[in-house]
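Asker: Each chain, letter by letter, is given below.
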Amino acid sequence: MQIYVCVKHVPDSAANIHIVDNLKIEESVPFLLNPYDEHAVTEAVVLKNQVPGSEIIAVCLGKKDAESTLRSALAMGADRGLLVETEKVCDSMTTARALHAAIVKDGPADMILTGKESIDNEGMQTQFRIGALFDFPVVTNAVSLDIKNGNAIVTCELAGGRTRTFDLSLPCVIGAGRGLNTPIYPTFPDVVKSRKKPIETLTLPELNVPAAPGSAKIVSMTPLVQKRHPRKITGTPSAQAAEIIRILKQEAKVLS
Amino acid sequence: MTKKYDAIIIGAGVIGTPIAYELCKMGYKTLNVDKVPDAGEGSTAGSCAIVRAHYSTEDGVALAYEGFKYWLDWENYLGNVTDEKGLAKYMNTGSILVKSDGHDWRKVKKHYDAVGVKYEEWDVDTVKKHVPPIDMHKYWPVRRPEDPTFYDEPTEMLEGAIFCPEGGYVNDPALSAHNIMRAAESKGGEFMFNAEVVDIRSENGKVKGITLKDGTQIDADIVVNVGGPHSFKVNQMAEGVWEGCNIKTKALRHEVMYCPSPDGYDYLNDGYHMSDGDIGCYERPEVGNMFLIGSEDPECDPQEWVDPDEFYAGKGGKGRDNVLTDAQWKAQCYRLGKRIPSLKVPNQPKGVVDLYDVSDDWIPIYDKSDLPGFYMAVGTSGNQYKNAPVVGRMMAELIDACEKGLDHDQEPFQYEFKYTQRTLNVGFFSRKREINYDSSFSVNG
Numbered sequence: 001m002q003i004y005v006c007v008k009h010v011p012d013s014a015a016n017i018h019i020v021d022n023l024k025i026e027e028s029v030p031f032l033l034n035p036y037d038e039h040a041v042t043e044a045v046v047l048k049n050q051v052p053g054s055e056i057i058a059v060c061l062g063k064k065d066a067e068s069t070l071r072s073a074l075a076m077g078a079d080r081g082l083l084v085e086t087e088k089v090c091d092s093m094t095t096a097r098a099l100h101a102a103i104v105k106d107g108p109a110d111m112i113l114t115g116k117e118s119i120d121n122e123g124m125q126t127q128f129r130i131g132a133l134f135d136f137p138v139v140t141n142a143v144s145l146d147i148k149n150g151n152a153i154v155t156c157e158l159a160g161g162r163t164r165t166f167d168l169s170l171p172c173v174i175g176a177g178r179g180l181n182t183p184i185y186p187t188f189p190d191v192v193k194s195r196k197k198p199i200e201t202l203t204l205p206e207l208n209v210p211a212a213p214g215s216a217k218i219v220s221m222t223p224l225v226q227k228r229h230p231r232k233i234t235g236t237p238s239a240q241a242a243e244i245i246r247i248l249k250q251e252a253k254v255l256s
Numbered sequence: 001m002t003k004k005y006d007a008i009i010i011g012a013g014v015i016g017t018p019i020a021y022e023l024c025k026m027g028y029k030t031l032n033v034d035k036v037p038d039a040g041e042g043s044t045a046g047s048c049a050i051v052r053a054h055y056s057t058e059d060g061v062a063l064a065y066e067g068f069k070y071w072l073d074w075e076n077y078l079g080n081v082t083d084e085k086g087l088a089k090y091m092n093t094g095s096i097l098v099k100s101d102g103h104d105w106r107k108v109k110k111h112y113d114a115v116g117v118k119y120e121e122w123d124v125d126t127v128k129k130h131v132p133p134i135d136m137h138k139y140w141p142v143r144r145p146e147d148p149t150f151y152d153e154p155t156e157m158l159e160g161a162i163f164c165p166e167g168g169y170v171n172d173p174a175l176s177a178h179n180i181m182r183a184a185e186s187k188g189g190e191f192m193f194n195a196e197v198v199d200i201r202s203e204n205g206k207v208k209g210i211t212l213k214d215g216t217q218i219d220a221d222i223v224v225n226v227g228g229p230h231s232f233k234v235n236q237m238a239e240g241v242w243e244g245c246n247i248k249t250k251a252l253r254h255e256v257m258y259c260p261s262p263d264g265y266d267y268l269n270d271g272y273h274m275s276d277g278d279i280g281c282y283e284r285p286e287v288g289n290m291f292l293i294g295s296e297d298p299e300c301d302p303q304e305w306v307d308p309d310e311f312y313a314g315k316g317g318k319g320r321d322n323v324l325t326d327a328q329w330k331a332q333c334y335r336l337g338k339r340i341p342s343l344k345v346p347n348q349p350k351g352v353v354d355l356y357d358v359s360d361d362w363i364p365i366y367d368k369s370d371l372p373g374f375y376m377a378v379g380t381s382g383n384q385y386k387n388a389p390v391v392g393r394m395m396a397e398l399i400d401a402c403e404k405g406l407d408h409d410q411e412p413f414q415y416e417f418k419y420t421q422r423t424l425n426v427g428f429f430s431r432k433r434e435i436n437y438d439s440s441f442s443v444n445g
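As you go down the protein sequences, you meet chains A and B in turn.
Mind the numbering: the first sequence is residues 1 to 256 in my numbering, read in order.
Mind the numbering: the second sequence is residues 1 to 445 in my numbering, read in order.
To be clear, the hints were calculated from the coordinates, so they are not data collected in a lab.
Glycine is no exception: its CB is placed at the ideal position from the N, C-alpha and C atoms.
Worth double-checking, as some hints may not be accurate.
Heads up, simulated DSS-like pairs for lysine-lysine below, C-alpha to C-alpha not over 30 Å straight-line [said to hold, decoys possible]:
1) B:248 to B:233
2) B:404 to B:233
3) A:193 to B:330
4) A:63 to B:350
Some chain A residues judged to face chain B by a derived CB distance under 7 Å, without partners named [stated by the list, open to error]:
5) 16
6) 30
7) 33
8) 72
9) 185
10) 187
11) 188
12) 192
13) 233
14) 237
15) 241
16) 242
Away from chain A, derived, C-beta distances all over 10 Å, residues of chain B [unchecked claim]:
17) 198
18) 217
19) 244
20) 326
In isolation and in its complexed conformation, chain A is listed as follows:
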């Protein structure tokens, strides 16, 4: 199988992110591989282990710095990388066209994996736009994936925790959700090996990426200002622990 994984170079969500001119984020913060894309890369490695002879190609649209994100994908197990280098901030239409053109030039693809969204723009469009450009079936927020009889059997999580299982013909596009797997992080020997893996740099003009018929651009951004209401939890350590468990279950609803 020829498995393409689309990855994005995004700001670290743990960084102190500042907005400049109400328009863009201050880019001096650390950037890394989009966390949802880590699930996509990991699943590609699982598939490669199931289907010997497969190749994983990580594809990224971004600035020169985005090469470090491709290196992260290579250290996690991708075989080689394609960087479509641009200084522009691209909307989903252009991004999908660029990734599509890079995959067409390199392909053919048996499967295209993406994260279900990027944690910076949260557009949740790219996988669908790539699917449309290829005329491939698309599902997103995948939490399980199996290859059976030449098709992809994919379970996706819907709103409210419901799930739906699909049978997709290949090639297809799958947006990885958090429940799909536990990301496999690289060891230092993996990092050393990844340094020898090739990354091909491409540009939008050489790919003849067709201009999108429309565009969406950010005209202003405002930071989320959360109103916090701290409470002091008092009592004995065991009473405090019990109260924290109650809050996690009943208020935050992160424990059942």
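Starting from the structure of chain A, add chain B where the hints point.
Answerer: Showing chain B alone in chain A's frame:
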């Protein structure tokens, strides 16, 4: 109305609280003031709280070994006081000092013999028996991942390690300071938080008290600077103190990383504290079966000296505020990844960024000052957490002796250890000393 105390201690971290506790036990009425909301919530909270004996000087080893005994006797030390937050716990993992070119381990061994520190010498096979995932190849000198030679295959093996069965870490450094605060309060000590000192007042060539940011004046004949990373700013507030120090302090930004233990290795329960000069890292177990990875400040790493007020306000800018940097995340995790090849390094950095209060020779200043009544326990350089309880006692006795007329600069105070039957010349920590070139000039002290 101006309040009056016998002694004001600026800082309520892990060094400030035991100084108060010991002064209270000696009958002094003390007040600790701190700009943070609770005891230990400043740079103490960011400490790795390592308890180990290896230092570059014999006095350093002796002080650490004496301090170790306090952690073993924690509840008794605290006078069995009750803390509603519970008690911090000393975790005895044992401590491995890798024999490498990055540490003068022969000197450490000599100091261990002189002080009576228990230790064993482990060859490579013994190290591997105790730390199954370890690779004992030699990687010296320490390099950065940006350097292509960082990835060179090693060809030589290390010699082994020195193992101290007595060593480990304290599981919650902020809580340990809080415990000591409660002990001090039980002896009459008072604490004031969210209170920033902006001036040290003096009169007739003697300290008179402090002024807080809101204008409150509090008087005392004794003021002790235990301001941690702010120590140099506090010294500059006191007349003639900064100028009277031959050794100065400043604030250094420092990153510590959390990386998950390899699959199948229960590092939290089976792991050791390790000091590994060959890769410029130290490690200890952390909750969640994590490796906590600190840096031993190798020469190739940039040092970032910062303004502590800007740092804590998050205004330091790129790489200078309290956000981990990708470059240092990779440097420290990949270095440990050489030693533990099955260590998995996540893409997103996780850890702690805080400040060291570093002296010119990375050895602390425990001393009086040129302003009578003004004392300092500063320049703890990332390596004095373990000594906090014994330093509290030593500083209290030093202050008491000086207040009773001792000229410590001429006749240095001699401190009698409580547990290890040894006398320490406190002049070793003098502000007037020349730079001590026996120091490692790193967190190792």
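Asker: Hint by hint, say whether it matches the structure.
Answerer: Status of each hint after checking the structure:
Restraint check: the Cα-Cα separation between residue 248 of chain B and residue 233 of chain B comes to about 11 Å, which is no more than 30 Å; the hinted pair holds. Taken as a hint, the residue 404 of chain B and residue 233 of chain B pair is honoured in the structure, with Cα atoms around 28 Å apart against an allowance of 30 Å. Of the pairs offered as hints, the one joining residue 193 of chain A and residue 330 of chain B holds, with about 16 Å between alpha carbons and a cut-off of 30 Å not exceeded. Distance restraint check for residue 63 of chain A and residue 350 of chain B: the Cα-Cα separation of roughly 25 Å lies within the 30 Å cut-off, and the hinted pair is therefore satisfied.
The beta carbon of residue 16 of chain A comes within 6 Å of a beta carbon in chain B, closer than 7 Å, and the hint placing it at the interface holds. Because the closest C-beta pair between residue 30 of chain A and chain B is about 4 Å apart, less than 7 Å, the hint holds. A cut of 7 Å between beta carbons decides the hint on residue 33 of chain A: the least distance to chain B is about 5 Å, and the hint holds. The closest approach between the C-beta of residue 72 of chain A and any C-beta of chain B is roughly 5 Å, which is under the 7 Å cut-off, so the hint is satisfied.
At a threshold of 7 Å, the smallest CB-CB gap from residue 185 of chain A to chain B is about 4 Å, leaving the interface hint in force. Evaluation of the residue 187 of chain A hint against chain B yields a held restraint, the C-beta minimum of about 6 Å falling below 7 Å. A cut of 7 Å between beta carbons decides the hint on residue 188 of chain A: the least distance to chain B is about 3 Å, and the hint holds. Interface hint status for residue 192 of chain A: upheld, as the beta-carbon distance to the closest one in chain B is roughly 5 Å, under 7 Å.
Taken as an interface hint, residue 233 of chain A does not check out: its beta carbon lies about 11 Å from the nearest beta carbon of chain B, beyond 7 Å. This hint holds: residue 237 of chain A has a C-beta 5 Å from the nearest C-beta of chain B, less than the 7 Å allowed. Of the supplied interface hints, the one on residue 241 of chain A is violated, with its beta-carbon coming no nearer than about 11 Å to a beta-carbon of chain B, more than 7 Å. Hint status for residue 242 of chain A relative to chain B: violated, with the closest Cβ pair at about 15 Å, above 7 Å.
The Cβ of residue 198 of chain B sits about 27 Å from the closest Cβ of chain A, beyond the 10 Å cut-off, so the non-interface label holds. With a closest Cβ-Cβ approach of about 31 Å to chain A, residue 217 of chain B is found to remain outside the 10 Å limit, as its non-interface label requires. Distance to chain A confirms residue 244 of chain B as a non-interface residue, since its nearest Cβ pair spans about 39 Å, more than 10 Å. Not every beta carbon of chain A lies more than 10 Å from that of residue 326 of chain B, the smallest distance being close to 4 Å; the non-interface claim is violated.
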